[in-house]
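Protein chains: 2
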Amino acid sequence: MTDSVFEGLNRPIAEMMETQRSIRRLTDRPVDHSIVRRCIELGLKAPTGSNGQNWEFIVVRDAEIKARFARQYRRAWPLYRRTIDSSTPSNARMLDAVQQQIDHFESIPVIVVACLAGGRPTGPYVAKSSYYGSIYPTVQNILLAARSLDLGASLITLPLWSARRSRRILGLPRSVRPACLIALGWPAGRYGPTTRRPVDDVIHLDRWRP
Amino acid sequence: MTDSVFEGLNRPIAEMMETQRSIRRLTDRPVDHSIVRRCIELGLKAPTGSNGQNWEFIVVRDAEIKARFARQYRRAWPLYRRTIDSSTPSNARMLDAVQQQIDHFESIPVIVVACLAGGRPTGPYVAKSSYYGSIYPTVQNILLAARSLDLGASLITLPLWSARRSRRILGLPRSVRPACLIALGWPAGRYGPTTRRPVDDVIHLDRWRP
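Chain order of the listed sequences is D and C. Numbering of the first sequence is given in full-length UniProt numbering, commencing with residue 1 and proceeding in unit increments. Numbering of the second sequence is given in full-length UniProt numbering, commencing with residue 1 and proceeding in unit increments.
Excised from the complex, chain D in its bound form:
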């Protein structure tokens, strides 16, 4: 592992944001721990509510643990898939990519499980938002760092369908909740750009504009 691997982290920030996308088709090529560690290290610089820094990250390479998450994913997916309109070409492509990910879940090189320790997503409305607002900025840094290193990444929550079972799989204490999974590996194939709603359609000045 030479330092040149990390040169991608000097790439321009806006370009990295603009070219970020979910990459679900991965090769078997191993991902060195130093790379995963650096992505998480950059993740830690993101803000957390009241600067609580209450994240924990389980870096999963063990085949049996992956297989147990795969079982949860396979169980939850049919229920969820029904809620997605597959008639648009982009949704149809996404559903295919997810199906492929599920079929090959055990061969994903590294899965990072981002967890929150302490606190609970309960209480007044803002408490729930703050709770998850203390992990997803970190997750986004990890995804962007992966992008910058040309490492494929995707954000997944369905394998955590049962919080209790997920905790048991990872041996987590009751005070620690897994929030999401980040699947990491070197991309198989080529990926095009993403499309988004036009920015002026989602901006409202001062008040809601229907």
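Warning: the hint list may mix true and false statements.
It does not matter which identical chain is meant; a pair holds if it fits inside one copy or across any two.
[Said to hold, decoys possible] EDC-like, lysine to aspartate or glutamate: derived pairs with alpha carbons at most 16 Å apart:
(1) K45 / E15
(2) K128 / E64
(3) K45 / D206
(4) K128 / D150
(5) K45 / D200
(6) K45 / E18
(7) K45 / E7
Please keep in mind that the hints were generated in silico from the structure rather than gathered at the bench.
For this one, chain D is given, so just place chain C on it according to the hints.
Frame of chain D; chain C shown alone:
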């Protein structure tokens, strides 16, 4: 407004992540709409659950709307402040900065309210996580884009203490929920680096290591 304002968006991604921090002391200098718009545009490139792209952003400059959020913030803050241990120097500094932000809330140049349209943070555990996981990656892009432009930014949720009142302030329909506020303005004063827990302390290999 010249293009040179946007040159910061070519800065190295890791350096921007490493130097991101909450900046709560802001000058009165106005922030051009083109800057806010560009930050939101980069935000939209972040992932959303099932590619739902169900975000909406209210860009608040109106003094009366700011004053109404300030009232909610002032009401919630004493309740919340009690939960934070003020005996450590870094927490004491944070509490001072937040207090200062509350005292001057009406003079924050721009407040972006990030909202989710449709869906609800209910149902199985993963549904809640996915719900907020569809807005905070976007919020983190906005914060990082602001950092790259040397624009001060901070993530706040307390002014949304009452979801119902927040909706009324912004004229939001029932289907739209505000998730957080991003306060934006040019920084007043100088800001040092942040400190974080050591990365190897928050990484667990395969299973929880107590």
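A quick look at each hint next to the structure:
For the identical chains of this complex, K45 and E15 are inter-copy neighbours only, at 11 Å across copies versus 20 Å inside a copy, given an alpha-carbon limit of 16 Å. In the homo-oligomer, the alpha carbons of K128 and E64 never lie at most 16 Å apart, since the shortest distance is 32 Å inside one protomer and 27 Å across protomers. For the identical chains of this complex, K45 and D206 are neighbours neither inside a copy (31 Å) nor across copies (23 Å), given an alpha-carbon limit of 16 Å. For a Cα distance limit of 16 Å, the shortest separation of K128 from D150 qualifies neither inside one copy, at 33 Å, nor across copies, at 30 Å.
Proximity of K45 and D200 under a CA criterion of 16 Å is satisfied inter-copy only: 14 Å between copies versus 30 Å inside one chain copy. Only between protomers do K45 and E18 lie at most 16 Å apart by alpha-carbon distance; the minimum there is 6 Å, versus 21 Å within a single protomer. When the C-alpha separation of K45 and E7 is checked against a cutoff of 16 Å, the pair qualifies neither within a copy, at 19 Å, nor between copies, at 23 Å.
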